[in-house]
Every structure is written in C-alpha cells, then in structure tokens.
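S.K.: With the hints as a guide, bring the two chains together.
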Amino acid sequence: MKHSNKTYWIGFCVVLTVLIVAPLVLPEFWRRFLTEILIWGLLAMSSDILIGYTGMISFGHSAFFGLGMYGAAAALLLVSPPNMWLAIIFGLAGAALVSLFVAFFSTRLRDIYFAITTLIFSQIFYVIIFTWTEVTGGENGLAFSRPRLSIPFIYSVPFTTETLHWFVLAVVTACYLILRRITQSPFGMVLQSIRENEPRTRAIGYPVELYKIVAVMLSGLFAGLAGVLYAIQNKFAAPDFVYFLVSGETVIFNVMGGIGTLVGPIVGAGFFLLLRELLSRLFGDQFPYLIPLGFIFITMIIFLPQGLLGFARRWLNR
Amino acid sequence: MDAVTQFFQSIPYDQIIIQTMNGIVTGMILALVASGLTLIFGIMDVVNFAHGELFMLGAYIGVIVLGATGSFWLALILASLIVALLGGAMQIITLRPLIGRDPLTTILATFGISLILQNYALWQFGPSSRKINEPITAHFNLFYLEYPWYRLVIAALSAAIIGSFYLFLKHGKFGVWIRATTQDRVMAQAMGIPVPWVLTGVFAIGAGMAAASGVLFGPLVGVNHTMGLDWVLKAFIVVVVGGMGNLGGSIAAAIFISLLESYASIWVNPSQAVIVSFVVLILTLLFRPTGLFVPTPK
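Listed in order, the protein sequences are those of chains U and Z.
For the first sequence, the working numbering begins at 93 and goes up steadily by one.
For the second sequence, the working numbering begins at 1155 and goes up steadily by one.
Calculated from the structure, these hints are not laboratory results.
Since the model is a prediction, treat every value here as computed from it, not as a measurement.
All C-beta atoms, glycine included, are put in the ideal place defined by N, C-alpha and C.
A few of these clues could be false.
[Claimed, not checked] Some chain Z residues close to chain U (C-beta under 10 Å, calculated; not the full set):
id: 1; residue: Gln1163
id: 2; residue: Tyr1167
id: 3; residue: Ile1170
id: 4; residue: Ile1172
id: 5; residue: Ile1231
id: 6; residue: Pro1251
id: 7; residue: Leu1276
id: 8; residue: Leu1299
id: 9; residue: Glu1300
id: 10; residue: Leu1435
[To be verified] Just so you have them, the derived chain U footprint on chain Z, three or more residues with Cβ under 8 Å:
id: 11; region: 1258 to 1271
id: 12; region: 1380 to 1391
id: 13; region: 1437 to 1445
Bound conformation, chain Z alone (with noise of 0.2 Å):
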C-alpha cells in the first residue's frame, strides 16, 4: 500500500499536464503542416519535399512583412498568400511537365526545389536565426510556469484553418471540383473540370497553410533555414503513421505523436525525444503499414 502510494506521488502531474498543453499545440501546427503534405499527395501522387521549405519561406517572409509594417495577423495573412502564389508557380514550372510520369520523378524535382529555396534563404538571410515577436503577450498561471495564452491562440487558429478548409472541401465549388479530381481524374476533365488548374490551386492552397504554419510557430522557435527539414521529417512520419492522403488521420496522428514527444521529454533531453517518433513509426510500419489511423478494410 505505501509502495503504491508512493509511487502515485512521484508522478509529475503538473509536469504532464504542462507537456500535454505543449503537445497539443505543436500537434495543432504539425496537423496544419501535414494536412497541406497529404493533401498535395493524396490529390496530386507528389511528395512534396520541399514542403518544409515552403514552411520555412512563410516565416522568413512574416519577418519581413512583420519588419516592415508591424503588425504580426498582417504578416501571416500576406506570407500566406505570397508563399501560395510562388507554390502556384512552382507547380507550374516543375511539376506539371512530370504530369503522366513516375511519381517517383516528383519527388526528385521537389527535392531540387527545397534544395535552391534552403540554400537561397541561406545565402540571403544568413546562418543566424531570426526572431518574430509574439502579438499577444498576456499569460496566465499554470502551477509554477507563466504559460503563454498565444501558444493556445496557435493551437485554435490551426483548428481553425483546418476546420475551414474541410469545410471548403466540403461544400465549396472549388473543394468540389478538389474532390472529383480525386476520385477520377479523367471523368472530371470530361465534365469540364480544369483539371490542371485544380492540381496547381491544391498546389497553392498546401503551400499557403505551410506558410502559414511557419508564422505561427515562428515566436516559439526562432526562424532559419534548417528549420524546414526537422518539420518536414516530422510530418512525413505523420503522414505515414496517419495514412497517406487521409486528412482526419493525419491530424490525430499529429496529436498522438507531439504528445509523446512532449512526455518524453519529461525524462530525456528533446533532442532526444525525437527518437519516440521514430519508434512509433518503426511500430506501425511492422504492424500497420497502411497508417494507425485507417479503419481496417474489409
């Protein structure tokens, strides 16, 4: 009985209840993140490498924008939209000329792309990192820490655009016009669906919430230009252990992952706990290579 009793005092409650609030708002950023990656997958057949470096362009252009006119919510609408256009393009330069081809092509001419877009931010930003002012400032007491209300605003905005966009999705021309060149492409372009166009507007829209993601997580962090490739690898597992091109899975999969980086951090350094992902990724390779949170095919 004292054993056990012992053994519920020595568990950091306050600790567990800090690093849940601190999961679920990198798990809300990291959904953002991979929804944009699942949806240029599951729409388009591409793997977009150089999704983090979109992330990390939105940043550095919210620096800019946030340099120039000071207001934080004016930079994260402008490097949205900036970041979507240069996507737009992107996919029109380099991507739909591997229309019809390999998707493994695809996958070689994004990795080209974030190669030029992170040496570029290199070259003109410079190896030290940036830093974007938090536009809310106010905290409010959890135990011991003065936790911030932004990061809470943070994890609401992405509900927010990620719940919109489903709504889009849903009942919007466009989302409509998104969802039947899923199902079927060729019958979309028969029904006179511009279909190349949707493909370079996903393209768009994936890009922008990238952008948009680096805006909001760039007063957490600061911005530079490797910070692309750590979230791109973290929503590339995402998106495995969701299941490729499955919005909802990807989403939970996102939570249920920060939240364990976030407890593993607890115990061990966070460098470190990246490995806890890594884990969960080698587990439902070996158990469920399809995605954990799939409903099992009949």
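Just chain U, with the same shape it has in the complex (with noise of 0.2 Å):
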C-alpha cells in the first residue's frame, strides 16, 4: 500500500511537470489544444463523481457547464474593468442555482429516470437560453474581452496563451486534489456505498437524499467551474454549450476514458480531442467525426466497460 502511494506521486508529478513545462515546447496551436483539453477533463471529471462514484449517469452536465459560462459573461460585461475572479465568483453562483435546482428534483429518481430528467432538465436551460434574447444574446450568444490575470492588490497581467495555460493546470490540478480527497473521505465512501447498494445504505442509516443532492451539487459546481474557464479562454457564451451534446460528449469522456478514476476523464477528452483532431485533419473539416467516434464509443462500452486507464490499469498489473 505504502509502496503503490509513493508510485502514485512520483506518476503525478511526472505528468504535472509534462503540463507544465508543455506550452514552451509546443507551438501555438498545440498549446491552446492542450488547454482546452484540460478544461473538458475537468468538466468530465466534475461528472464522474456522479457516474464513477455514486452511480448516477448524468445527462444534464452542458447546463451546469453552461451556466457557469453565462454566470462568468455577465459578471465580465457588468463589472468594468473586467474582473478574473469576480467572473469564477458569478460563475460558481449560477451553476450552484442551477445545480440545487436539478438536484432538488432529479435526486428523487434512480438510475436510468435519473439520466433522463438530467436531460431535460439540461433542455430546459437551453430553451430558456436560447429564446431570452435581450439578456443572454439568444442564439448568437454574448461576446466580452478576457480580464486580466490577477492576483487582489498585488499582481496583475493581461493573459497569454502561456500563463492562461498555468492557470487553467494549477485550477484543474487543485481540483483534481480537492476531488481526490472527496472520494476518499467518509462522505465519498458513503457516495459510494450508494453506488453499490443503496436500499443497504438507508438501511444503515445515511439520508441517501441528502448524500446525493450534495453529489450533484458538488458535480454541477466544478462543471461550473469548468465552464468559466471555458469562457476566459474564449471570450464569448454561446447557447450551444447548453445544448444537449455537450453532455453527451462528457458522458463519452468518462466512458472512453474510465469510470471512477478521477484522472480517466481527462484522458477520455484527451483521445477524444486528439481523435476528433486527427480524423479532421485527414478528411477534412466537413467531415462527421461523430460517426467513426461513435462506432469506438460503442465498441468501448461492449468490450471494454473500464475505459482506456482501466485497460491500462489491468494490463499494467498482469
């Protein structure tokens, strides 16, 4: 046990100083890419406690990501000058509504009723988004300037790809800490027990309710998150971010990636991107990327339900 905790370090700060020393060897492009990446990674992290640890498959993620998005643009147009931390403050907010909301009603229903009304739930934002157009830009979304990196009352510099980078790893590792550490505590535990039994779980005596309305609290929160780093490295909120594909395309990292793990997620959006990537480039832009990824997603899920970090996992310990 001793042994496999210090490995698991030595891994983590491998990979961390690859992050962090990648955007001053790639090129521009690249360095973008390798950003957004960890921004999804973080949304599809944010879901795996909910699919991975307590075994609710959320279908509603592209609403608190969303949400978090518009909570971050209002803040960035209302407030001049542009403030970094004001935009996470507003974006948080909106996506702990919107999450207390979901949570309210959807924590009621189990398993697949569970996904289901994530899903509409997630189309109701997205109706409401894309029809108020005096407020939220309807479908042209709204445009803002990046803010500037800051530090309250002792540091400030405008963002470059480099330092936007930095900061999106240092949020998206301290996160993935933060995660780690919930996973591990008695609450985690609990979330998982659900997982495995609920009827058993309440037997003992949890409030299995309450369990899971913080679960998806928690969830929506970092997508929330995710979704204000989203549109610092943008500049601009759109409707389509709402929309019911970017959840699916989160469930799709989690499962590509591995379940349960924390880390699987990232690296679920990393092949998917790279794939998405590499198939565009080969056959250019109009080409449906979704058809190829779709037969590998569902390949995936027939032969090989740990995702790729459990495949690994596994062979690794042969």
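M.R.: Shown next as structure tokens:
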C-alpha cells in the first residue's frame, strides 16, 4: 500500500511537470489545444463523481457548464474593468443555483429516470437561454473581453497563452486534488456505498437523498468552474454549450477514459479531442467525425467497459 | 354580471377548438412514438436513446421512397419495414452483448447509435429540410381556417396502429411470447420461448412504429436531421409522466401534454410552449414520481 502510494505521487509529479513544461515546447495551436483538453477534462472529471462514484449517469452537465459560462459572461460584461475572480464567483453562483434546482428534483429518481430527467432539465435551460434574447443574446450568445490574470491588490497582467495554460492547469490540478480528497473521505465512501447498494445504505441510516443532492451540487460546481475557464479562454458564451450534445460528450469522455478514476475522464477527453482533430485533418472539416467516434464508443462499451485507464491498469498489473 | 359576460366573451372559443384538434393530432403521433419507447423499456429494460433517430430515419426513407415511387402509402409501409429491420440489426449488434449488464450501459450504447445515425443523416442529406407532400389535400372549413383532412387521418391511423398492436399483444402468438418474456424471462426461456429473438423482435417493432410516425408526421413539418431529438425528449417526458413501461399511461400522457402545449401556444410562441411540458414533468416528479396515469399501488 505504502509502495503504491509512492509510485502514485511520483507519477502525479511526472505528469504535472510534463504539463507545466508543455506550453514552452509546443507551438501556439497545440498549446491552446492542450488547455482545452484540460478544461473539458475538468468537466468530465466533475461528472465522474456522479457516474463513477455514486452510480448516477447525468446527461445534464451541459446546463452546469453553460450556466458557469453565462455567469462569467455576466460578471465580465456588467462590471468594468472585467475582473477574473468576480467572473469565477458569478459563474460558480450560477452553476450552484442551477445544480440546486436540478438536484432537488432529479434525485427523487434513480438510474435511468435520473439520466432522463437531468437531460430534460438541461434542455429547459437551453430553451430559456436560446429564446431569452434580450438577456442572453439568444442564438448569437455573448462576446466579451478576457479579464487580466490578477491576484487582488498585488499583481495583474494580461493573459498570454502560456499563463492561461498554467492558470488552467493550476485550477484543474487543485480541483483534482480536492475531488480526490472528497472521494476518499467518509462522504465519498457513503457515495460509493450508494452506488453499490442503495437500500442497504439507507437501512444503515444514511440520509441517501441528502447525500445525492450534495453530490449533484458538488459535481455541478466543478462543471461550472470548467465553464468559467472555457469562457475566459474563448471570450464568448453561446447556447451551443448548454445543448445536450455537450452533456453527451461529457459522458463519452468518462466512458472512454474509465469511470470512477478521476484521471480517466481527462484521458478520455484528450483521446476524444485528439481523435477528432486527427479525423478532421485527414478528411477535412466537413467530415462527420462523430460517426467513427460513435463506433469506437459503442465498441468500447461492449468490449472495454473499464475504459482506457482501467484497461491500462489491468494490463500493467498483469 | 357585466364583468362575467365580458370574461366569457373574451375566451377565444374558435381558437380553443382548433388547438384541441391540433393537440389531439400531435398527441396521437407522440403516443405512437412513446408507445414504442415504453414497450422497449418495459420488456427489455432498455432506454432507447436512438428512438428519435429511428423516427427521423423513417421520415428520410419516406422522402426517398416517395421520390422514387410517388406513393405515400407505399413509402409509409416500406419505411416502417426497413427501419424495423435496421432496428433488429442494431439490437443484435449492440444491445444483445449487453444483456445481463447494468441497464445504464444500454443508455450509453443507444446514445452512441443516436450520434451515429444523426450525423449520418446530416452528412448524407445535408442540413436543409426536405418536404413530404400530403397524400390527402382535401380541406374542410373550421371557423376561419381550412383545416386539412390529412391531420385527422394521421390521428386515426396512429390510433389504428396502436390499437392493432394492442390486440396483437393480447391475442397474437408472438404477442403472448412478448408478455411472457416481460413477466419472467427465465421461465419463458424454460418454456421454449426463444427469448433473445423475442427481444430483437420487440426492438424491431418499436423501431417500425417510430418510423411510421416519422413518415406520418413528415408532411406537417419539414424532415431534417435534428427532428429526432425534439421528439425523443417529448417522448421521454411522456413516458415518465405516464409511468415507464405502461402503454395506456403513455397514450393518455401523450394526449394530455400535447393538448396543454397547444393551448399554451394560443398565448405564447410555440418554442416557449415547450416549457409547459417541462412544468408538467416537474410537478409529476414532485407529487407522483411513479407517473400520473398509474393506479396508486395498494
């Protein structure tokens, strides 16, 4: 146990160092690409708390992600000069409100019903954002300028692609460590026991509904943070990101990378985005990349239910 | 007294009657889609995410056959058959290996299928929508509107398909097999019923029903690659409100929700009328999570 713990931290440091050094080596395009993988990875990681640890498949993560984005947009548009920390606070508040709403209703249901209701809820927010043109900009979304990287009262510079990458990396790493700590805490253990056997967990005396609501909210908060990061990176918020396809891709990242591992979803996001990039380079922009990716996805569900990371782990342990 | 008469005069009766008819027509089509979905769920424990895409594919095949032969009814029958075969093949390839695994994996697998089909349609047919011509162009007068007979024909046809399916389930040999499999899969297998093939058959029937509703509905709106998602979402709401796996409940819920949406569209624009069905869903989840049209268990 002690030994594997040590290898874990060595591996963690190696990967972190590679990610820190990467933007210094990579050309501009791939630098942005790597940052994007980290952001999508954070979104996928946030939904792993539900899919992998609590056993609830959420098809509604686009709502949390999107509201994080629009929250950040509100802060950046309303307050001048645009302030990064305010954007984060607004985005988190937006995501928290939505996830409280979704959690309150959808945790009354289990399994498949949970998946369907989260999907329908995300679609509600999509319709609202899409049709409420005066506030949300409707189909066109909102564009804003990027805030400066700042530590209040001490330090403030404009973002470059390198510093943006390091900032995102720092946030994602912090989130990863927090989520890892949460899943290993007594709270995380209760979530896992809900996944394994819900009636028994209830019989022992845990308020299962409350745990589920907290799990959904937690997951929503981290998804919202991913939305804020994405808004800061791309300087716009659009209803497309609240659309159900984003939730679907989040689930795909999880399944491809390996559910219940936290790192797996990031690997999955990287794998998916790289494959997509590769396909569109080989066959042109118009190529329907989701067709081959869909086939890979189905094949992996049937033959590789542990995902890439689970497969690699089993192969290493052999 | 004056205020009361004024209130009664301000109700747009003509619009309410028109919207009632519209609501029943869309409700019957929705019932056809949702009954396939609820059938597949009730018997196979599979939530078919690709159901909307089967609906869309049916409509596209309808467009092609109609273009080639010029006969709407032939298009309806061929589209149902082809999509039923396709559905059966899909079930054999992707869902059969997943039998016995967590039912949640079937959501993922059918979601993958829906992605493939939707993008295939976009790639093959392009983003602009196609038109299916109405086979019956006659109208009758309804207040200031010329109401097409075709809409009433759709409602009647949907009802006929659902009704004949119900009779088949009650009295047909394969129908009895299906019901036996629903009740007890292992026992049915022991009695010599080929359970895996029953499951494939059920999926094929559900797919065929979705395709039929796609062709029937095609003339009312254009046929495009995103039409599936709207319908599958509505069908999901219907199935949750009506009680999962409950055929009668789904039909009642389909008509109920469509009527509400039609009435709402008198006052707000149709894209916002969708919110009404979301509200119904939320209220159902709050007060009757097992479904509105399910008898209270004693």
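S.K.: All hints, please: hold or fail.
M.R.: Hints, one by one, checked against the model:
no.: 1; hint: Gln1163; in the structure: violated (32 Å)
no.: 2; hint: Tyr1167; in the structure: violated (29 Å)
no.: 3; hint: Ile1170; in the structure: violated (24 Å)
no.: 4; hint: Ile1172; in the structure: violated (24 Å)
no.: 5; hint: Ile1231; in the structure: violated (29 Å)
no.: 6; hint: Pro1251; in the structure: holds (5 Å)
no.: 7; hint: Leu1276; in the structure: holds (6 Å)
no.: 8; hint: Leu1299; in the structure: violated (26 Å)
no.: 9; hint: Glu1300; in the structure: violated (30 Å)
no.: 10; hint: Leu1435; in the structure: holds (6 Å)
no.: 11; hint: 1258 to 1271; in the structure: holds (count 10)
no.: 12; hint: 1380 to 1391; in the structure: holds (count 4)
no.: 13; hint: 1437 to 1445; in the structure: holds (count 3)
Hint compliance for this structure: hints 1, 2, 3, 4, 5, 8, 9 are not met, and every other hint is.
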